[in-house]
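Enquirer: Let's have the full structure, built from the sequences with the hints guiding it.
So the protein sequences, as listed, match chains X and S. First residue of the first sequence? That's 1 in the UniProt record's numbering, and the numbers climb one at a time after it. First residue of the second sequence? That's 1 in the UniProt record's numbering, and the numbers climb one at a time after it.
Just so you know, these hints were derived from the structure itself, not from any lab. Incorrect hints may appear among the rest.
It does not matter which identical chain is meant; a pair holds if it fits inside one copy or across any two.
In silico BS3-like pairs for lysine-lysine, Cα to Cα no more than 25 Å straight-line [said to hold, decoys possible]:
1) 29 x 170
2) 162 x 139
3) 139 x 8
4) 21 x 170
5) 27 x 162
6) 27 x 241
7) 231 x 9
8) 27 x 170
9) 170 x 279
10) 27 x 139
11) 246 x 170
12) 203 x 279
13) 170 x 139
14) 162 x 99
15) 21 x 197
16) 241 x 170
17) 29 x 162
2 protein chains.
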Amino acid sequence: MAFLGEKKKVLDTQLTKAIEKLHAPQKLKEAMNYSLSAGGKRLRPILLLSTIEAIGEQESLGMGTAIALEMIHTYSLIHDDLPAMDNDDLRRGRPTNHKVFGEATAILAGDALLTYAFECLIMNSEQLSETLKLNLTSKLARAAGPEGMVGGQQEDLNAEGKELSIDQLKAIHHLKTGRLLTFAIEAGALIGGASTKELNELKRFAEHLGLAFQIRDDILDIEGTEDEIGKPVGSDEANNKSTYPKLLSLQGAKDTLNDHIDQALTILESLNLKSSRLKQLTHYILDRTN
Amino acid sequence: MAFLGEKKKVLDTQLTKAIEKLHAPQKLKEAMNYSLSAGGKRLRPILLLSTIEAIGEQESLGMGTAIALEMIHTYSLIHDDLPAMDNDDLRRGRPTNHKVFGEATAILAGDALLTYAFECLIMNSEQLSETLKLNLTSKLARAAGPEGMVGGQQEDLNAEGKELSIDQLKAIHHLKTGRLLTFAIEAGALIGGASTKELNELKRFAEHLGLAFQIRDDILDIEGTEDEIGKPVGSDEANNKSTYPKLLSLQGAKDTLNDHIDQALTILESLNLKSSRLKQLTHYILDRTN
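Expert: Here it is, written out as structure tokens:
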């Protein structure tokens with residue numbers, strides 16, 4: 001999918017520019033940039049931009065929100081990798097932020113990305129109405145905050161060493177990864193000017209996509225190679241983590257993954273979208289190897 | 001100053017309510033609330049509300065911004081106290097957040113307060129125009145982010161074990177504590193509808209107040225009692241930190257403190273303010289014992 005690479009390039013440039021122009025301590029900027037440019041797939045901002053396109057509007061309208069979203073995703077990875085959290089040494093095949101810059105700077109780089117994200121959203125959305133900018137800002141804060149992603153990380157901590165039911169696992173993933181993915185699509189729909197019906201259907205689509213994404217992640221931890229996933233294979237098993245394959249069997253997880261992909265595609269078919277990018281992204285999530 | 005106690009009470013109630021209504025993991029809410037209700041002076045939000053009053057508008061207009069500001073101040077204390085940062089066991093005479101809830105939850109509670117602050121600002125400012133809400137949100141993000149408070153914390157880290165000049169020390173404090181204090185007063189002026197001249201003078205006032213606040217802090221670390229300041233006396237000396245008394249002598253620091261207070265009061269005299277609260281707060285900063 002050539003468009004993935006093209007969009008990633010545009011986003012990479014915007015993100016680098018946003019950090020470069022900061023009047024901030026050099027080490028802090030380096031730490032922020034290190035994780036931002038660590039080869040992420042840019043899935044969330046690409047979903048956002050592709051949703052705008054699917055509704056029939058110019059993607060560039062969503063650039064400020066897309067950048068903010070990627071900064072928040074990146075901050076969450078930096079804090080997640082800290083010794084007190086997951087204590088990971090590698091991320092995408094490179095040493096984690098705190099391994100390179102030290103724990104204190106890694107904490108601050110995460111804080112800085114989270115805070116700067118809100119400024120970037122507001123300052124880089126000149127073409128959007130004030131009402132929409134406020135709506136996007138508060139929705140992003142909610143999706144990322146205690147009722148969203150951070151809440152999910154806390155649930156994940158609480159669940160350590162416990163046997164989870166499939167519903168509990170789903171609930172944690174809904175918060176921890178689902179909320180930001182759903183925000184990406186909802187924000188794209190709002191910026192694109194989707195109808196209420198389109199908005200609601202796209203939110204349902206996002207739920208299926210988020211679950212599919214997580215199940216695929218769990219499967220990759222078993223079937224992927226270290227080269228592909230950028231960290232040791234089988235770490236979930238080694239850490240005794242509840243995963244879809246563990247709770248449903250590997251085949252059960254694959255069936256559930258296919259089921260969510262089918263439902264996501266069915267929703268897309270039912271909408272009169274202006275581009276096939278969301279469909280392509282759905283297939284990409286099914287087939288991705290990293 | 002009875003009004004300090006009254007305003008603190010109103011703010012305490014609003015902050016507690018804001019946490020209570022969250023649909024979030026109980027442990028996360030407890031950790032957020034623990035530090036928010038740890039007996040802080042609420043100096044920043046009180047400055048904000050008092051500035052609105054001084055301009056002649058209703059303080060309640062600024063409640064959303066005041067709460068957001070206190071949440072961001074509180075998150076910064078939680079992260080500052082972490083083992084990887086200042087490694088403090090006590091804050092205001094009570095065990096620090098990570099001592100009670102563990103490091104992982106303390107990191108998340110800080111992240112949650114920072115993120116939720118932006119939602120609170122936007123959702124609790126119904127009476128303000130959309131333009132003003134956006135302006136306050138981006139100004140708060142800038143004051144707290146890599147070009148502001150977080151940048152100052154990084155500079156502070158970089159300065160560890162180094163002998164600083166007085167200008168370097170000032171520059172660090174300007175970012176680390178000055179930017180949020182200045183935001184408090186600037187936000188109050190904007191919400192109150194200050195003229196450009198009033199706004200600029202109040203920003204100059206805020207600079208002096210911020211420096212006075214920090215110098216008083218350094219002096220208290222020498223002359224205060226452990227009961228008053230809630231942590232061991234002399235910890236700056238023990239940690240070999242650059243402080244105003246160390247660089248200027250204790251008497252020199254006191255003279256500089258008085259000088260900033262005088263200049264702050266002179267600015268206030270020159271403005272036709274509707275209340276004497278800012279003057280009272282300036283005296284409070286000079287005389288405070290905690």
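Enquirer: Would you mind marking each hint as holding or not holding in the structure?
Expert: Checked hints:
no., hint, result
1, 29 x 170, "between (36 Å within a copy, 21 Å between copies)"
2, 162 x 139, "neither (32 Å within a copy, 43 Å between copies)"
3, 139 x 8, "within (24 Å within a copy, 29 Å between copies)"
4, 21 x 170, "between (40 Å within a copy, 23 Å between copies)"
5, 27 x 162, "between (39 Å within a copy, 16 Å between copies)"
6, 27 x 241, "between (35 Å within a copy, 21 Å between copies)"
7, 231 x 9, "within (24 Å within a copy, 50 Å between copies)"
8, 27 x 170, "between (38 Å within a copy, 20 Å between copies)"
9, 170 x 279, "within (23 Å within a copy, 55 Å between copies)"
10, 27 x 139, "between (31 Å within a copy, 23 Å between copies)"
11, 246 x 170, "within (13 Å within a copy, 56 Å between copies)"
12, 203 x 279, "within (15 Å within a copy, 52 Å between copies)"
13, 170 x 139, "within (21 Å within a copy, 37 Å between copies)"
14, 162 x 99, "between (29 Å within a copy, 23 Å between copies)"
15, 21 x 197, "neither (40 Å within a copy, 30 Å between copies)"
16, 241 x 170, "within (14 Å within a copy, 48 Å between copies)"
17, 29 x 162, "between (39 Å within a copy, 21 Å between copies)"
Violation of the numbered hints given earlier is confined to hints 2, 15; the remaining hints are satisfied by the structure.
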